[in-house]
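J.: Produce the complete structure using the sequences and hints provided.
Take a look at the letters that make up each chain.
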Amino acid sequence: MTKGFTLTSRRHVLKGLAAGTGAAALGLPSITHARSAGTIRIGYIDQLTGIRSDFGQTAPWVVEQIETLLDEGIEINGDVWDVEILVRDSQSDPNRMGSLGNELVLRENVDLLLVADGLAAPALEICDQNGTPGISTILQWEPFYAARGGTPETGYPYSFLFFWSGADIIKNYIGMWQESGIDPAVGTFYEDNDFGRGFSEGMTASLAEANFTEVPGGIFKEQVDDFSNQVAAFRDGGAKIVTGLVFPQHFATFYGQARQAGLKLDAVSIAAAFVFPSGVEVLGDQGAGMSTEVWFNRQLPYTSTLTGQTAEEFCTAYEKATGKQWAQPMGYHHAIWEVGVAALKASGDPKNRDAVRDAIAGLEIDTIVGKVDFKNSPMKSVATTWVTMGQWHKTPEGSAFPYELYVTNNVTAPHVPTQKPFQKLSEFN
Amino acid sequence: MIWVETVVNGMLLGGLYALVGLGLGYAFGVMKIVNVAQGDFIVAAAFLGVFLVPWTPVHPLLVIVPVAIVSFVFGIILQRTMINRVLGQDQIPQILLTFGMAIVLRNAMVEIYGANSQSIDVGNLRFMGFDVLGLRLGVLPVVILGIAVALFAALHLWMRHSRMGRIIRATADDHQVVQLSGVNYRRVYGIAMGIALALSAVAGVLLAMRGSFTPYSGADRLLIAFEVVVIGGLGSFWGMFAGGLILGVTQLVALKLDPSSGLMWGHLMFLVILFLSPNGIAGLVRR
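Residue numbers (this note's numbering), protein chains in the order written: chain P, 1 to 429; chain B, 1 to 287.
Check each hint, because a few of them may be wrong.
[As the list claims (entries may be wrong)] Partner residues aside, some chain P positions facing chain B, computed with beta carbon under 10 Å:
#, residue
1, 51
2, 53
3, 212
4, 214
5, 216
6, 222
7, 256
8, 261
[Claimed, not checked] Label-pair distances were calculated between CB atoms; the ranges are:
#, chain 1, residue 1, chain 2, residue 2, range
9, P, 99, B, 271, 36 to 44 Å
10, P, 395, B, 271, 48 to 56 Å
11, B, 110, P, 129, 34 to 42 Å
12, B, 85, P, 312, 54 to 62 Å
13, B, 108, P, 129, 38 to 46 Å
14, P, 395, B, 51, 17 to 25 Å
15, B, 153, P, 317, 39 to 47 Å
Hints were generated in silico from the structure; no laboratory data involved. Glycine included, C-beta positions come from ideal geometry on N, C-alpha and C.
T.: Set out below in structure tokens:
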């Protein structure tokens with residue numbers, strides 16, 4: 001993989017840099033840097049390859065941007081510290097996550113571990129055991145506690161998380177449908193995996209509570225090529241809304257068959273498929289109006305504490321540099337560095353693990369994804385961030401990318417401004 | 001009525017499954033070659049289709065023609081430069097060779113196109129439907145079934161009545177003896193592999209129009225192809241076609257009863273038929 005290769009080679013360069021600073025510490029003159037107080041080692045783990053690599057796609061660019069930025073070092077209490085970043089790829093594999101945690105915490109002896117990966121638990125556990133501060137994101141807080149038997153009251157000694165709640169997502173879905181005035185009949189279907197089954201349980205309970213009629217389409221296996229049964233069930237059950245956790249290729253097949261069968265829907269809100277632009281693009285010109293959860297987009301009124309970029313400038317820079325469209329995880333890929341660097345600065349002594357840990361716990365910072373507040377959080381070790389609902393709209397002719405995502409409903413996060421009103425599917429095209 | 005609709009949809013899907021199996025069955029029938037890379041060739045052809053669609057005149061559906069031609073030529077080159085070298089009494093080298101090709105192909109596709117799912121955009125055709133006898137059917141699945149039937153019939157007639165068809169059948173019967181009549185069986189094998197890959201390529205493109213695919217879809221496609229060939233019976237075109245239909249209908253009926261374990265019933269049907277008649281449906285009919 002070229003991705004892995006560039007990262008590895010950059011690592012070599014960094015090792016070279018580290019050796020250079022080591023030489024500087026021995027008293028040799030260094031031309032580029034002022035005499036440094038030492039080197040802070042930061043480990044970074046992300047899902048760069050493997051089945052969940054969609055979520056890590058923007059990370060290499062973000063980390064590169066951070067590396068350039070931290071090349072000058074970080075100033076803490078008047079001392080300039082060099083920064084060495086060790087990037088590792090979890091390959092979307094929990095076993096590898098554990099061994100990477102071991103490698104970075106025990107062997108490389110990092111001062112801070114950052115994990116932007118949904119399966120962070122094994123690495124965070126090693127942080128807690130060894131007393132190394134660890135910050136994670138892109139992982140809902142329910143599994144963050146559940147995975148290692150923690151609770152919001154006890155928290156964890158050295159590991160932290162900032163992200164939104166899985167329960168909020170379902171409140172947002174249902175809240176959006178209620179606000180839209182669409183007939184409350186919801187067809188549901190889910191991938192047969194942990195996320196699909198979890199979403200299914202939560203959704204069924206919440207639909208019943210909110211007096212929606214559920215037309216169940218069941219949980220299906222990954223190898224399925226045909227959704228005519230689900231389409232027939234939704235049509236005969238009078239579903240006006242379709243939801244679920246479905247991968248893009250499955251949804252594309254489903255939607256083709258739904259249209260063939262004359263299934264008329266007012267809203268299609270799918271987790272997973274529509275988080276990324278590629279999931280909408282696979283529908284050809286039928287992607288406008290698809291709705292999903294939004295936790296970062298380019299219209300947000302937030303700026304980075306590290307680069308001063310607005311969300312818009314940040315996304316544009318990414319699109320210019322890579323030729324690819326911005327994607328939601330990139331906000332959090334950046335924010336985890338904002339949180340980490342802010343904590344190191346606030347600690348006063350980046351080599352003092354307990355001081356860094358206390359600095360994270362006392363942090364309240366306005367990042368590119370909005371406020372990350374550990375200080376006033378009612379839950380130990382966790383800062384909750386917002387999640388809203390949004391819809392994909394076609395971009396004007398001549399744009400670089402065919403679709404753009406806008407926030408339409410802010411059910412659980414009224415402080416996030418909506419960007420466009422919610423529209424029924426029939427109002428598109 | 002809803003059950004009739006399920007069965008009809010199953011047959012529409014099954015026709016395409018039959019086409020997926022045809023290339024594999026044809027290569028095995030003529031050359032006794034098990035092409036383990038079949039599934040990944042199907043996916044590669046779909047990628048080729050995605051690439052060629054913007055240049056296809058009249059209608060995107062016609063992209064199957066250039067893709068089939070490219071695959072035909074590729075099949076001949078593949079057979080003559082690689083597979084012919086490992087043919088012999090032993091089956092293993094040929095299986096290892098195609099297995100290796102499958103791995104190379106899959107990883108090359110991930111490297112070039114990334115792991116995102118892709119689909120061939122056939123415009124509005126994908127979303128059109130029509131009513132017939134109280135049933136609502138999609139236009140595209142019906143067109144795809146039509147193409148599958150036409151290809152089966154064309155191959156059947158060509159094998160039966162053309163000179164080349166006779167030579168291929170004779171080579172399939174005994175590739176040593178045909179050499180006495182001046183037939184270079186290696187050249188015939190090249191053409192047979194070309195045809196096998198062209199058929200698979202059409203199946204791959206049609207699958208990509210009906211649904212979508214990722215570079216990792218090859219393994220699922222190969223499984224379907226094997227099941228179709230085994231259910232249908234080796235060496236019988238219409239047996240394979242029936243095999244595809246049976247697999248498609250079984251899957252959809254079972255998926256209707258239970259969305260999460262439906263696919264298993266397709267595999268069970270495969271086992272039952274293998275148990276009752278090791279030569280598939282064709283063997284059952286012949287007996």
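J.: Indicate, hint by hint, whether the structure satisfies it.
T.: Here's how the hints hold up against the structure:
no.: 1; hint: 51; result: holds (8 Å)
no.: 2; hint: 53; result: holds (6 Å)
no.: 3; hint: 212; result: violated (20 Å)
no.: 4; hint: 214; result: violated (14 Å)
no.: 5; hint: 216; result: holds (9 Å)
no.: 6; hint: 222; result: holds (8 Å)
no.: 7; hint: 256; result: holds (5 Å)
no.: 8; hint: 261; result: holds (5 Å)
no.: 9; hint: P:99 - B:271: 36 to 44 Å; result: holds (39 Å)
no.: 10; hint: P:395 - B:271: 48 to 56 Å; result: holds (51 Å)
no.: 11; hint: B:110 - P:129: 34 to 42 Å; result: holds (36 Å)
no.: 12; hint: B:85 - P:312: 54 to 62 Å; result: holds (58 Å)
no.: 13; hint: B:108 - P:129: 38 to 46 Å; result: holds (42 Å)
no.: 14; hint: P:395 - B:51: 17 to 25 Å; result: holds (24 Å)
no.: 15; hint: B:153 - P:317: 39 to 47 Å; result: violated (57 Å)
Hint check: violations occur at hints 3, 4 and 15; the rest are consistent with the structure.
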